[in-house]
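Colleague: Whenever a hint applies, use it, and build me the whole structure from the sequences.
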Amino acid sequence: MANNQRAGHRRSNLIIHMVLTAASIVMIIPFAWMILTSLKTVTEATQIPVNIFPSHPNLSNYAKAFEKSDFAHYYVNTVFTAFMKTVFPVIFSSMAAFAFARIRFPGRTILFFIIISVMMVPNPVFYTPQYLLMSKWGLVNTVTALWICSLVSPFAMFMLRQFFLGISKELEEAAILDGCNPFQTFRYIMLPLVKSALVAIVIIQLLWSWNELQWPLIINSSPDKLTLSSGLATLVSMFSTNYPVLMAGAFMAVIPMIVLFFLFQKRFIEGVAFSAHKG
Amino acid sequence: MNSRSRYVWAYIMIAPTLLGTVLFWTWPAIYSIYLSFLKSENFGMVNHWVGLANYERLFKDKEFWQNLRNTLYYAVMFVPLTLLFSTFFAVLLNAKIRGLSAYRVIFFLPQVTMPAAAAMVWVVLFARDYGFINYLLGTHVAWISDTRFAMFALVIVGVWGAIGFNMLLILAGLQGIPRALYEAAEIDGAVRFRKFRYITLPLLTPTLFFTTVVLMIGATQIFDSIYLLIGKTNVALPAVRSLVYAYYQNSFVYYDQNYGAAIVNILLVINLILTGLQFAFQKKWVVYD
Chain L
1 MANNQRAGHR
11 RSNLIIHMVL
21 TAASIVMIIP
31 FAWMILTSLK
41 TVTEATQIPV
51 NIFPSHPNLS
61 NYAKAFEKSD
71 FAHYYVNTVF
81 TAFMKTVFPV
91 IFSSMAAFAF
101 ARIRFPGRTI
111 LFFIIISVMM
121 VPNPVFYTPQ
131 YLLMSKWGLV
141 NTVTALWICS
151 LVSPFAMFML
161 RQFFLGISKE
171 LEEAAILDGC
181 NPFQTFRYIM
191 LPLVKSALVA
201 IVIIQLLWSW
211 NELQWPLIIN
221 SSPDKLTLSS
231 GLATLVSMFS
241 TNYPVLMAGA
251 FMAVIPMIVL
261 FFLFQKRFIE
271 GVAFSAHKG
Chain E
1 MNSRSRYVWA
11 YIMIAPTLLG
21 TVLFWTWPAI
31 YSIYLSFLKS
41 ENFGMVNHWV
51 GLANYERLFK
61 DKEFWQNLRN
71 TLYYAVMFVP
81 LTLLFSTFFA
91 VLLNAKIRGL
101 SAYRVIFFLP
111 QVTMPAAAAM
121 VWVVLFARDY
131 GFINYLLGTH
141 VAWISDTRFA
151 MFALVIVGVW
161 GAIGFNMLLI
171 LAGLQGIPRA
181 LYEAAEIDGA
191 VRFRKFRYIT
201 LPLLTPTLFF
211 TTVVLMIGAT
221 QIFDSIYLLI
231 GKTNVALPAV
241 RSLVYAYYQN
251 SFVYYDQNYG
261 AAIVNILLVI
271 NLILTGLQFA
281 FQKKWVVYD
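Residue numbers (our numbering), protein chains in the order written: chain L, 1 to 279; chain E, 1 to 289.
Be aware that a few hints might be false.
Derived pair list, reagent style DMTMM-like, types lysine to aspartate or glutamate, alpha-carbon separation capped at 25 Å [what the hints assert, rightly or not]:
1. K39(E) to E63(E)
2. K96(E) to E270(L)
3. K60(E) to E41(E)
4. K232(E) to E170(L)
5. K232(E) to D70(L)
6. K136(L) to D256(E)
7. K136(L) to E41(E)
8. K232(E) to D146(E)
9. K62(E) to D146(E)
10. K39(E) to D256(E)
Hints listed in this document are in silico derivations from the structure and should not be mistaken for laboratory results.
Modeller: Here is the structure:
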């Protein structure tokens, strides 16, 4: 009886593995195709019948993507924007989150409501007025416009507040007795306690800004002011059917996030899952 | 430290977030409503109040109704399919098997992939003559330029991108179900399917509810994959054009920002209604202890 059950378990586990492996292959096909195509020649990439592997794999398409477009600019703009859209929102949000979670002050409820109410509004609603604001400040087609509207993040503030709410009161009281002002309590006592939440938010902010398309597309159009995301969209019109060069560009655009993902995959997955649960 | 100076610290610490939110988010949201009642000329230098004229035009516009239909059609296909696949794989991964984290990583990979890059490779995969998908299926379909298939192509790309993330959420929900319940069922001799149907599924409904709400909000805002996969000159565009795509086109290609504002305000109302409906209906199917 017990033996039978174990054999049955092993059999069903085998089936589960087979289903999951098949699904994994399907999930991975686009990545494999991206890399394989980037190593082919144009003729090979559009050959009929389809041939899967390049006959003489080489990296010339990668060089071409750099030479024939502003790829280096896209990279610098994207890295810089991602940095600005991560550092400032995380600093500002954690301060505000601490204040909302741990200090009782007049107007707390209404101010909190003002900040989180924008989370319910779809992003495109903001874009035209933000564009008009940027244009009033003379920032259209500048790298500054890519990040300045995202200096603060109501979403990150909301998430971090949940964390601060969960910390016990005693540590804080000890700090107050020691004569810490609220900022010192925040900086030296509370912030180290929410380190894992901060890491999660850093990862989410990085990922979002790295991959964002619509705002960069709206606000900047000159080639040296594009991000990788909006830059790829213009590469399509430049190299319309030169798929190998397009795939080389696409691969170079995704590789930093994929490397980060593999290095921090546990935190990545926890961070994103966590954010959704709280959001 | 007295409470007055604690207040002052609180105000100082929330000031950047509060000011930034009001300036960059709250004010734009309100201004967007105001814009939809105006007719602007000379790139917004001259504004006339036109009341509901933009909305009147919108409701008489056949294209708007088509775009609305496309958006809802996409959501109606994308949301259930994503839920179904995510739940299926989450249940499989909830079994005690080896290599669990490897599968988790693989399924999650599309989530960290830039939509612009992913869309480009899907264009190649979907190509009619030399595309890998037609090669595999032995078909000869112009997936992204045939009005009959373009929507399916978008749904496939959307579901591919969304499974990993939602699977994780559902997996977390599954792991929160107490083991003891299954053990009790096993003593009663319940088989796998019955255990799933009468224990797992009901206890998973709060997670599924949350996932559905988030997926719906995301689905109604589809833009990236239409812009990248279908493109501006594709004959299939009218068959897939979403509200957000139409907003983008009207506001930043035709420079009719007032009409564009009206479109996204409708989207806001639709989102509020859909979310409200889901909260109203949750009593019917969501099981809370």
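Colleague: Broken hints, numbered, in rising order?
Modeller: Structure breaks hint 4 only.
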